[in-house]
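J.: Given chain A's structure and the hints, the job is docking chain D onto it.
In order, the protein sequences belong to chains A and D. Counting in numbering that gives the first Met the number 0, the first sequence runs from 0 upward without gaps. Counting in numbering that gives the first Met the number 0, the second sequence runs from 0 upward without gaps.
It is worth saying that the hints were derived from the structure and are not from the lab. Heads up, some of the hints might be wrong.
Claimed, not checked - Derived list of chain A stretches under chain D, where covered just means 3 residues or more per stretch with a C-beta under 8 Å from a C-beta of chain D:
no. : region
1   : 45-51
2   : 83-94
Unchecked claim - Examples of chain D residues lying across from chain A (beta carbon under 7 Å, computed):
no. : residue
3   : 34
4   : 128
5   : 132
6   : 135
7   : 143
8   : 175
9   : 178
10  : 186
11  : 193
12  : 278
13  : 282
14  : 349
Model, not experiment: these values are computed from the prediction. No residue lacks a Cβ here, since even glycine has one placed at the ideal position from N, Cα and C.
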Amino acid sequence: MSTGEGMAGMAMTLLEAAKSRVAALGADLAQAPAELHSMLAAASGALYTGAGVRAATYLLILLIVGAGVEWLYWTYAHGPLRALESAPVSSPRHALRVALRRLALLGTGLVLFTFATLAASAAFVWPRGMHEAVVALTLFVLVVRFAWIGVSVVLAPGRAAWRLVPVAQEKAGWLAATLMGAAVALALARFAPNLVEPAAPHGAAMLRLAFATLATALLLVAAFAFIEGPVPSGATGAKRRLPKFPASIVAAAIVLTVFALWLLRSGTAATVAGIVGGVILVQMALRDLVFFFWQDMIDAEAAEAADPPAVDASDPTLLPSIALSTARFLVVLVGLAACALQLNAPLAGMAASGNPLVRLGLDMLGVAALALFTHLVWIVIRTTIDHRLKRIGPYDPHGEANPNARLLTLLPLLRTSAAVLLVVTLALSSLWALGIEITPLLAGAGVVGLAVGFGAQALVRDVIAGIFFLAEDVFRVGEYIESGSTTKGTVERITLRTVALRHHNGPLYFVPYGSLGSVRNNSRDWVIEKFNIPLPIGVDSEKIRKMIKKIGIEMLSDPEVGHMMRMPLKSKLARVDPGVKIFRCKFQTAPGNQFDVRAQAFKRIEAALRAEGINFADGATVVVQPAGAAPG
Amino acid sequence: MRANMAIRSLRLVTGMVLMAFVAGHLANLSIGLVSLSAMENWLSTLMAPWQTPIGRVLLAGSALVHAALGLYAMAMRRTLAMAKTDYVQLALGILTPPLLLSHVMLTAVAGELASGYEVSYGFLLAVYWSLAPSYAFQQLLVVLFVWVHAALGLYSWLVLKPVWRRIGGFVLPILFAVPIVALLGFAEAGKEVLERLATDAEWRATVLQNSARVGPVRARIDALQSTLLAAYCGLVLLALAVFAGRILRDRLTRVRVDYDAGLAASGRRGLSILELSRLGGVPHADVCSGRGRCGTCRVHVTGGAGSLSPRNTIEDTTLARVHADAGDRLACQARVFGPGVAVVRALPPYADASAARQPGDWADTAPETATPPAGSPA
Chain A
0 MSTGEGMAGM
10 AMTLLEAAKS
20 RVAALGADLA
30 QAPAELHSML
40 AAASGALYTG
50 AGVRAATYLL
60 ILLIVGAGVE
70 WLYWTYAHGP
80 LRALESAPVS
90 SPRHALRVAL
100 RRLALLGTGL
110 VLFTFATLAA
120 SAAFVWPRGM
130 HEAVVALTLF
140 VLVVRFAWIG
150 VSVVLAPGRA
160 AWRLVPVAQE
170 KAGWLAATLM
180 GAAVALALAR
190 FAPNLVEPAA
200 PHGAAMLRLA
210 FATLATALLL
220 VAAFAFIEGP
230 VPSGATGAKR
240 RLPKFPASIV
250 AAAIVLTVFA
260 LWLLRSGTAA
270 TVAGIVGGVI
280 LVQMALRDLV
290 FFFWQDMIDA
300 EAAEAADPPA
310 VDASDPTLLP
320 SIALSTARFL
330 VVLVGLAACA
340 LQLNAPLAGM
350 AASGNPLVRL
360 GLDMLGVAAL
370 ALFTHLVWIV
380 IRTTIDHRLK
390 RIGPYDPHGE
400 ANPNARLLTL
410 LPLLRTSAAV
420 LLVVTLALSS
430 LWALGIEITP
440 LLAGAGVVGL
450 AVGFGAQALV
460 RDVIAGIFFL
470 AEDVFRVGEY
480 IESGSTTKGT
490 VERITLRTVA
500 LRHHNGPLYF
510 VPYGSLGSVR
520 NNSRDWVIEK
530 FNIPLPIGVD
540 SEKIRKMIKK
550 IGIEMLSDPE
560 VGHMMRMPLK
570 SKLARVDPGV
580 KIFRCKFQTA
590 PGNQFDVRAQ
600 AFKRIEAALR
610 AEGINFADGA
620 TVVVQPAGAA
630 PG
Chain D
0 MRANMAIRSL
10 RLVTGMVLMA
20 FVAGHLANLS
30 IGLVSLSAME
40 NWLSTLMAPW
50 QTPIGRVLLA
60 GSALVHAALG
70 LYAMAMRRTL
80 AMAKTDYVQL
90 ALGILTPPLL
100 LSHVMLTAVA
110 GELASGYEVS
120 YGFLLAVYWS
130 LAPSYAFQQL
140 LVVLFVWVHA
150 ALGLYSWLVL
160 KPVWRRIGGF
170 VLPILFAVPI
180 VALLGFAEAG
190 KEVLERLATD
200 AEWRATVLQN
210 SARVGPVRAR
220 IDALQSTLLA
230 AYCGLVLLAL
240 AVFAGRILRD
250 RLTRVRVDYD
260 AGLAASGRRG
270 LSILELSRLG
280 GVPHADVCSG
290 RGRCGTCRVH
300 VTGGAGSLSP
310 RNTIEDTTLA
320 RVHADAGDRL
330 ACQARVFGPG
340 VAVVRALPPY
350 ADASAARQPG
360 DWADTAPETA
370 TPPAGSPA
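For reference, chain D alone in the conformation it holds in the complex:
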């Protein structure tokens, strides 16, 4: 049961490593607002950590582990009833590797294969803005996808921490500003490159020459790229197949959850209480959308406790942190295997991240007042 906890931490850590890399990369792009040469000058500084052997290994390893854990999580999903942000994050996460592939090929792999090939911002921007604009659209999308995916992950983790009250005020604007400034830098540098291509014939010749060096290895790069793409698609399909298989396996046995206020939900055996709430349209607080971090989905079990899966490490840690009562369970971790269970939601459905940061403030919201009286001000 410790494995879940380790996987969650590993996913978070690798994601943060990748996000640090992307943030540095985007910061470098935004220097394009100053000038192209400034971008080139800052490249070595901002990207220095990733040029060292350790940095390379860390980056490549993080990318592989994060992708693998993402696919594993997808395969292990029990239902499609998830929060909207989870849908967005999942879709963006799946789409990122194929979109990123051509960029990696052009910068990292081509440099290894073609002799004399040099990657610089000037050259890449010339490729994107003039020689092969179709690549640029992929890159623009990938900037958006990667950043939104990463920002969602960081935000949903950080917002639960007490420290968010102090840093939230400037972290949130930064999360939005980074891609905007980077894209503006990309556009400004692009304009400069186009102008230089038109006026500076010598530079133009250099760029074309550099581009021509890729020609001989082009076929190998394309082959490699399509192989990787096919392999990735295969993995995604495999994960989806495992997911579908698990759903089909459990589809026949139904379980039922009875809530306070006379509400009820039913669904496949093996779903968590929170997933059953979502399927049944029962309002249920879930600030971390079922990752077991926030503790807002916790419930008092009033009947059928034997139908639930035993507590795991994640649940123990979080319940201890929010000082839950002895009979409480986390609805997102407690899976229903028996025929039925009766619970009382501990927090009102509109509990927000502050309920995770300061559990004491919400302690007095007793189950009886879990739903506000009719006509209460919105």
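Chain A on its own, in the form it takes in the complex:
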């Protein structure tokens, strides 16, 4: 109940304050014209006197001094600027470097102009009130020219290649003009009313209102006319985007909120709201802004995705991802600092402050920095691993044994381990940063670890053995292995502790690495298959050898088995038994294909033998009885 009443009361107070503010503004507006009129009359009267002439003379001298210093600077800087502007820009990152150099060159000229003008203005004895006006005018020129440099460096209306933000060419010029208009209006709202304030306070309020409204209107125009969703690039344009809340509405709402706060409350509240709104807007657009600088590389990667993947290419999204995270953190940090400055918070005294709330806030900032750092490391690991995995492609159990199958096994393992490690480290470091004593925790973990370690000796042995099996590339997913014991089969899955082997009859063996022992890998490089052909003793050995050699050469060009063979089928007479000549045949194939090839070889040999009229040696033993020797 009481909370509700309190809130109602607060709302009423706020409304009352706003009401009185509006009333005051109305009074200002009502009195301003007459006031400004009389002030202008007085001012023009003062202008057409000796003092006015003197002020004008000095002002012209200031102009010449400022322009002269800047001209001198440009006699040196013009060549470098021309060289910079005439060089072709190869990528958005190059454009950023060009923009920074242009900013430095143009900005130095402006700074020199401002300093020279201000310093020279101090040398004169001005008529009363004129010096303030001259300083305000100089600062106004400074702000407007700086705004122009900023707009021309970032938007580069004339040259699309220099642009640092994703804005279409036909819109860039108008956006630049609108932003410049808003900058001029804001500068006028800042500097002009101060000059008329002593003579016409109501008039100053009216001027402020007028210029601020103009700036708000221009910014609204910019928000609605020029903020757009990211332009779908040609390579990935077909993908449908999920509907998103339009950024232009957010921008317009922020601009209007700031304006309303300024109108009804105070300048400080409006500035803070403006900073917060700016941070929100930048965060919304930051992904597009940052990725824009690497867009050419990402597009190139997408374009070549159809080609056979080059495994060594690094991920083009790695750098922008890191830059994005850093930029997000920095934007928030800058926003916080700006708010603190605006609210006159004593930044220097904060670190030594005993206030627990302030301390907690600072500690939280530290934790946030730690989290950012951990996040950066995580991004590096994750994007690298994911990109590598994507390039290797999914595991296909029916295809050829993939040379990268080991990576397919190891990388996800590595990713998970890294994640666990990072989270644990972050948790401990955060506790440390927050001032929570973690020594007992570590000691406890150590004791527990010792106990568990003894208990899980076998487990540890398995894990460590597994790491070495994988590191030494003993087997990969999809390979047929036999271990020292009776287990054999195709490697189906590799986990932290065991390897799963599918026996050719179906059963799945789970073998811990520790008990794997020596491993016979049947799927590496090549196999040699040998088999015997028994033929009757009467055949011509040389003829058979040539026949089988011919078959071997024919098999090389066979569409079914030819590509599997490394070396053709050959034979030689191996043994002569009573009544039987045994020919030993051999061939070399890629692992796992020997059975198909062997069947094909038998088929061809048999057909060839039949064509020659030769039978395989039959089991019947022919007993030849010498003449004259009667049985019995």
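T.: Relative to chain A, chain D alone:
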């Protein structure tokens, strides 16, 4: 074709005559830093050459010729794509005569018409600082305008000369110092005049009396002034109309220039190659901003040479001075009349005035290296 050369020289010479007069005038003003009487004393010395009949004729003739040539050049312009300094010079040049008119009326014409009217620094400063301060603003502006216009012209001519290496170090500061010191002298003398007006009643009476002598002829002076002003405005409008008419006449036929490094620009028929470069945003060296003096804009013509206007005297002279190859043209003088032309820029776009002073130093910048490699230090 010699006419162009003669016009250019005449414009330069008359401009220098006028600048000499203005410089003397401003030097006299700066003596106000010493005292008002010193200003009066030096007047006869510094302005002596212009008081003689020859000096008068020379000054008046130069002013008329220079203004006429300026208007003629404006009418003959082919495009608004010109260098920033040219814009400044053109605008200041157009604005100067009307602003200067009242000063000339007050000093030269009123003296002829009104009897007993005497022009002195004391009187004029009294008018500007006390009697009619609105005139003072015009005069302040005109000092700035005339001097900037003249200094730009002198600088852009002198910087191309080999002698600039020796004299540039002190000519440039002088160009800036002259108006500053003159304005300071004007302000100091003004203070003295105001003080004297307040304390010296007799002098004040003299000034008022002198000022009253203009009264009877005031109407005639005003009429004359407005007639001259109207005539001048008419001339400016005429020049602008001629300029606009020439643009409209040629607007339909398009021509195209292909550059090295795959760049291209297109525009109206009859524009020079340099003007087409500016319109198309092609970086192109132009130290003298298209007056045909520096030779930095020269190009090797690799195709369509028949589309270009024949060489004129200015081009021949400059190309000979920079020892250009036989097939070279000055981009600022060669106008494109045919459908298209292919060129290679002979100098990198960042070539500066030293390329005009010592053409040999830049001879080795071959067209292949006309644009620096990406990421080269700025």
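J.: Tell me whether the statement that chain D covers the region 45-51 of chain A is true, taking a Cβ distance below 8 Å and needing three residues at minimum.
T.: n = 5 at 8 Å, threshold three: holds.
J.: Does residue 349(D) pass the interface hint, meaning its C-beta sits closer than 7 Å to a C-beta of chain A?
T.: holds, 4 Å
J.: Closer than 7 Å between Cβ atoms is the bar; does residue 34(D) clear it against chain A? Give me holds or violated.
T.: With a closest approach of 17 Å, the residue 34(D) hint is violated.
J.: Return the status of the interface hint for residue 193(D): holds when the least beta-carbon distance to chain A is below 7 Å, violated otherwise.
T.: Holds - the Cβ of residue 193(D) comes within 7 Å of chain A, reaching about 5 Å at its closest.
J.: Using 7 Å as the Cβ threshold, decide whether residue 135(D) counts as touching chain A.
T.: holds, 4 Å
J.: Should the interface hint for residue 282(D) be scored as holding, given a Cβ-Cβ cut-off of 7 Å against chain A?
T.: holds, 3 Å
J.: Go through the hint on residue 278(D) and say holds or violated, using the shortest Cβ distance to chain A against 7 Å.
T.: Because about 12 Å separates residue 278(D) from the closest Cβ in chain A, which is outside the 7 Å limit, the hint is violated.
J.: Would the hint on residue 132(D) be counted as holding, given a Cβ-Cβ threshold of 7 Å to chain A?
T.: Interface hint status for residue 132(D): holds (4 Å vs cutoff 7 Å).
J.: Does residue 186(D) pass the interface hint, meaning its C-beta sits closer than 7 Å to a C-beta of chain A?
T.: holds, 5 Å
J.: Can we keep the residue 175(D) interface hint, with Cβ of chain A closer than 7 Å?
T.: holds, 4 Å
J.: Grab the minimum C-beta distance from residue 128(D) to chain A and call the hint holds if it beats 7 Å, violated otherwise.
T.: holds, 5 Å
J.: Quick one: see if chain D covers the region 83-94 of chain A, three-plus residues with Cβ-Cβ under 8 Å.
T.: It holds: at least three residues are needed, and the region 83-94 of chain A offers 8 whose Cβ sits within less than 8 Å of chain D.
In summary, the numbered hints that this structure violates are 3, 12.
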